[in-house]
Amino acid sequence: MIFLKAEDITVGYTEIDILHNVTVTVRSGEIVSVIGPNGAGKSTLLKTVFGILKPRHGNVTLKEEDITGLRPDRIVRKGISYVPQVENVFPSMTIQENLEMGAFIRTDDYSQRLEEVFDLFPVLRERKKQKVGQLSGGQRQMVAMGRALMLDPQVLLLDEPSAGLAPVLVSGIFEKIKEINATGVAMIIVEQNAKEALKMADHGYVLAMGKNVLDDTGEALLANEEVGRLYLGG
Amino acid sequence: MAELTVYGIVLGSIISLGAIGLSLVYGIIRFANFSHGDFLTAGAYVSLFMVTGVLSWIGIPDTTFGPLSFGWRMVIAFPVSMAAVSGVAILLDRVLYRKLRIKGSGPVMLAMSSLGAAFIIRMVILIIWGADSLFYRPGLLRPALQLPLGIKIRPDQILILFAVFALVSLLHLFLQNTKMGKAMRATADNMELALISGIDTERIIIWTWGIGGALAAAAGILYGIDVQLHPYMGWNFLIPLFAATILGTIGNIYGALIGGLTIGIAQQVSTAFLLPTYKLAVAFIIMVLILLIRPQGIFGKE
Amino acid sequence: MEISGLLAYLVSMAIMAGIYAIFCLGLNIQWGYTGLFNIGIAGFFCIGAYASALITTPKPTGMYAHYVHQIFGLNLPFIFGLLGAAIACGIIAFLIGIPTLKLREDYLAIATLGIAETFRLIFNNEHWLANGPRGLMGLPQPLQGLVDPRHYNYIYLIIIVIIMVVVYLLIERAARSPWGRVLRAVREDEVSASMSGKDIFNFKMQSLVFGAMVMGFGGALYAHYTKAISPDVFTPLYGTFIIWVMLMAGGSGNNKGAILGAYVIWAVWIGTKFMTDFLPYTLKARAPYIRFLLIGILLEIILIYRPQGLLGEEKKISKLIE
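Going down the list, the protein sequences come from chains A, B and C. Each number in this note's numbering comes from the position in the first sequence (counting from 1) with 10 added on. Each number in this note's numbering comes from the position in the second sequence (counting from 1) with 7 added on. Each number in this note's numbering comes from the position in the third sequence (counting from 1) with 60 added on.
It cannot be assumed that every hint is accurate.
Claimed, not checked - Here are the simulated lysine-lysine pairs, DSS-like style, with alpha carbons at most 27 Å apart:
no.	chain 1	residue 1	chain 2	residue 2
1	A	K88	A	K139
2	C	K333	B	K308
3	A	K141	B	K308
4	A	K139	B	K186
5	B	K159	A	K57
6	B	K308	A	K138
7	A	K64	A	K138
8	A	K186	A	K88
Read the hints as simulated data drawn from the structure, not as lab findings.
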């Protein structure tokens, strides 16, 4: 069942459009990876889905409901959470406070959820009173994702989760992403590390110059020779 | 010199109250609020109105507490005044700054608008009270207490230090322990992420104006108790307020506290070599030095 | 009011508005073209006026020196006062610009405010400089002996209009030049990658200095019109705020707007005087505050409902070149 769909999106920051008629579909509980060269507009796609940008053309639908152009604070209440690539934490606040902020719009007792997030990232539980600004890159990324998970989202938008991480940490992050997905959270992952992204993906989209180039299952794209040559580093 | 330093701490604590509010507004709402000084003035004068007007009509007695220069009237007027200036600050936001924000105006337009607001507030005060200096309790002899080290300090001034300490502590508790307080800190840290997390930033803005206005009003009243009231009192504080805010890093309350104390002490100590009227120039020079050497302030990142 | 009285009144109105118009033209160079948020105009007003005063009056000697203190007095003709004022303001602007032009626009604003207030403090307290709070009096007027003192203002008005027109033409010429276009690009942050930070700094500095020099003219013209100046003339209200209201009302980025704004707002200001003449006796003392309150509210209305002012920004000059 199609859960989230961005259809025929044309959008840009100024008069110049970054994306041209791009379509991406996510099914319930799926991991969808979006790969492509730098400047292809992958981040722009996530921002459009989350309402940070309003598309000039096209629409975004969540379970049949049109959510195109809604403000982010409306969209987050519909069950979509977004983890930006940079500046994705509150650096002067502690880990615990960052997670509390993630749960800001919840009116119920979320202590159970807090424990679940700490179960997912035990390192954070140990240091929960530490200021996030002092943490390492990998730990900060965990806080960023944890914050987004506090709302029990049905869809998680991840913008380059492995960016800036030391190679030894990259596989760890991708393991975590799979764990999160196992709890039933669908995801759109935008990634530079195309190989890893496609390995996890149920479905993958290749974007280049703001347009859909190819889409298929993760496995098929990995096996595809041309994709391998152009985007996976041979 | 010790005495100058002590008075510098008193003055500095008053500056801190104003600077904390200014720092919050600058850090969360992202523009230089040139009307902040006049919030101080407004607070002092609303209190004056209450103490000499409303509360005497109601029949609250005009007694004083022991060696202090004020009594029950001021105790009642103080929070009322803070609330009133909070209201004025919030009203200005709804009527002026919010409209400019919606249009997408940059920080310069907002700053210009706040400059206009500063003059409007000051003109209203001048219209109602005129240009003379006024006192909460005219003609009062205010003897100083003698402390060790040859320091003289008035009872009022000791109370000012307590009042500032109490207000800053309350603010600290609020920001550390309440949901709204944490949301304010989050918005100051990263407004975009706060929006992404679903925080209603417009409500945060209202709270920021409310707290900023209230603290400024408190600072104005305390200054009025210590020295005098006149319509330009707040405007004359504007440069020291900005100096303290920038020194302590914009958006950092503890920095504003330290900044305020530093500026206050520096200003007082300077009177050993310069005319007292040059205190403002001292604050200004310190500010220019900070902007040249370390513009991000004590707690800022490189 | 008889005709000659009315005419004299209009002439004095036109002179003051003309002086302010010159300030607006200076501010327009800094703000309208380059986006420099200068709220220390009163400082340049002050420097320009005092520089011209000191240049055109003799240094007090003998008994007179007991009552009037001046740091120097050159007793030169008006034209030297005018030029001296511009040069003094230019130099001060240059010195101010070195530390502050690298700063963000709002920090620049705070710095200019502080500078203006500091200058006023210095002139007020350092009596040896220019007679402290008592100020300088008896400033000479150009072409004084030419006509009957009753009709002198007409001559002064002509002088003002000539200077205003000359400044206007110079600025318009500069605006259409490549220099002017770069200034506008700096304001809009549209600078191409080929421009280094140092180049941008230089353009901002040129804009600051030229604008300040024009303001110096304004200060000198004011001093020789009123023939007496003192530090309390150059307040944030009369020396900075009202000029901003004028430029925003007329249209920032537009030299005709700068002049128009000055005349319109000055007319409004005079108009408020007539309004407050109807006030009951008890409120009469507060009249100037009521008038300024209205001007302040007017600025807010302009900022919210018509920030481009009456004339808006000047259209692009030549479509071929742009």
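Consistency of the hints with the structure:
This hinted pair does not check out: K88 of chain A and K139 of chain A have alpha carbons roughly 30 Å apart, beyond 27 Å. At roughly 52 Å between alpha-carbon atoms, K333 of chain C and K308 of chain B are farther apart than 27 Å, so this suggested pair is violated. Straight-line distance between C-alpha atoms of K141 of chain A and K308 of chain B comes to about 15 Å, which keeps the hinted pair within the 27 Å bound. The hinted pair formed by K139 of chain A and K186 of chain B meets the criterion: a straight-line CA distance of about 17 Å does not exceed 27 Å.
Note on K159 of chain B and K57 of chain A: the hinted pairing is violated, with a Cα-Cα distance of about 62 Å set against a maximum of 27 Å. Between K308 of chain B and K138 of chain A the CA atoms are separated by roughly 23 Å; this keeps the pair inside 27 Å, and the hint holds. Using a Cα cut-off of 27 Å, the hinted pair K64 of chain A and K138 of chain A is violated, with the two alpha carbons roughly 36 Å apart. For a cut-off of 27 Å, the pair hint linking K186 of chain A to K88 of chain A stands: about 24 Å separates their Cα positions.
Hints 1, 2, 5 and 7, counting from the list given before, are not met by this structure.
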